[in-house]
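Got chain R; can you put chain E on it based on the hints?
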Amino acid sequence: GQNIDQPTEMTATEGAIVQINCTYQTSGFNGLFWYQQHAGEAPTFLSYNVLDGLEEKGRFSSFLSRSKGYSYLLLKELQMKDSASYLCAVRDRHKLSFGAGTTVTVRA
Amino acid sequence: KAGVTQTPRYLIKTRGQQVTLSCSPISGHRSVSWYQQTPGQGLQFLFEYFSETQRNKGNFPGRFSGRQFSNSRSEMNVSTLELGDSALYLCASSLNGLENIQYFGAGTRLSVL
Numbered sequence: 001g002q003n004i005d006q007p008t009e010m011t012a013t014e015g016a017i018v019q020i021n022c023t024y025q026t027s028g029f030n031g032l033f034w035y036q037q038h039a040g041e042a043p044t045f046l047s048y049n050v051l052d053g054l055e056e057k058g059r060f061s062s063f064l065s066r067s068k069g070y071s072y073l074l075l076k077e078l079q080m081k082d083s084a085s086y087l088c089a090v091r092d093r094h095k096l097s098f099g100a101g102t103t104v105t106v107r108a
Numbered sequence: 001k002a003g004v005t006q007t008p009r010y011l012i013k014t015r016g017q018q019v020t021l022s023c024s025p026i027s028g029h030r031s032v033s034w035y036q037q038t039p040g041q042g043l044q045f046l047f048e049y050f051s052e053t054q055r056n057k058g059n060f061p062g063r064f065s066g067r068q069f070s071n072s073r074s075e076m077n078v079s080t081l082e083l084g085d086s087a088l089y090l091c092a093s094s095l096n097g098l099e100n101i102q103y104f105g106a107g108t109r110l111s112v113l
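Protein chains in written order, with the working numbering: chain R, 1 to 108; chain E, 1 to 113.
If we strip away everything but chain R, and leave its shape as in the complex, we get (with noise of 0.2 Å):
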């Protein structure tokens, strides 16, 4: 089965950098997603890791370590508009399973 676990809520400033972990236990690992959801929006992906290390994007990088079960979401240059919740999602081989979700809130 899966364990999915990310931090309930952070709070960070506009213009600094916040970094939402996600551990998880699985059989059969087959990659691990991070999606966006504005409140009352639908989720839109932001990146994926199937191997170990990072993936920059833009302001958003994701890294992955299989062997420790662990991935994070680094955001840069935070903007009012990253203010969401961001959803770490685990592919085994039956199906994708999503922690509970991570709200960030930008200050000014």
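Each hint should be verified, as a subset may be incorrect.
[To be verified] One side only, chain E facing chain R, incomplete, derived with CB under 7 Å: (1) L43; (2) N56; (3) G58; (4) F60; (5) L95; (6) G97; (7) L98; (8) E99; (9) F104; (10) A106.
Keep in mind the hints are simulated off the structure, nothing from the lab.
No experiment lies behind these values; they were computed from the predicted model shown.
Glycine included, each C-beta is placed from N, C-alpha and C at the ideal position.
Same frame as chain R, but now just chain E:
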């Protein structure tokens, strides 16, 4: 390119009734998956369809079922509704499966009274 379309957007039903939700995927996408989202449980995987066959399934009771048509459109059915089925039901499409990027629709908000 049109996105994923879900209908209806809102639905109110009473306990014991059944409901059918519809999802039209992005053109060219062959995989459709369904999710239930609630404040307490978060986003939970229901099932995935590919080429009209259920390929993967989450841990939901048999009251939750679905199907996919030859044009990749999908429907989800919930029978004998319970109060706890009140949730946002999201559909997502992808090119070939759960290992690809999932593109989500806006969801159907179901309220069971």
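Exercise. Answer holds if the nearest beta-carbon of chain R is closer than 7 Å to that of L98/E; otherwise answer violated.
Key: Nearest chain R Cβ about 5 Å off; hint holds.
Self-check item: Interface restraint verdict for L43/E against chain R (beta-carbon cut-off 7 Å)
Solution: At 4 Å from the nearest chain R Cβ, L43/E passes the 7 Å test, so the hint holds.
Quiz item: Would the stated hint for N56/E survive a check requiring a Cβ distance to chain R of less than 7 Å?
Solution: Interface hint status for N56/E: holds (5 Å vs cutoff 7 Å).
Self-check item: chain R contact restraint on G58/E - CB to CB distance below 7 Å
Solution: Constraint on G58/E satisfied, holds at 5 Å.
Quiz item: Holds or violated: is there a CB of chain R closer than 7 Å to the CB of F60/E?
Solution: Nearest chain R Cβ about 11 Å off; hint violated.
Practice problem: Please verify that hint: G97/E, Cβ, nearest Cβ of chain R, below 7 Å or not. | Solution: violated (9 Å)
Self-check item: Supplied contact hint for A106/E, tested at 7 Å Cβ to chain R
Solution: Holds. Min distance 5 Å.
Quiz item: Is the hint on L95/E kept, meaning its closest Cβ partner in chain R is under 7 Å away?
Solution: violated (13 Å)
Quiz item: Can the hint on E99/E be confirmed by a CB-to-CB distance to chain R that is less than 7 Å?
Solution: Holds, about 6 Å.
Self-check item: Cut-off 7 Å, beta-carbon criterion: hint that F104/E touches chain R
Solution: holds (4 Å)
Comparing the model with each numbered hint stated earlier shows that hints 4, 5, 6 do not hold.
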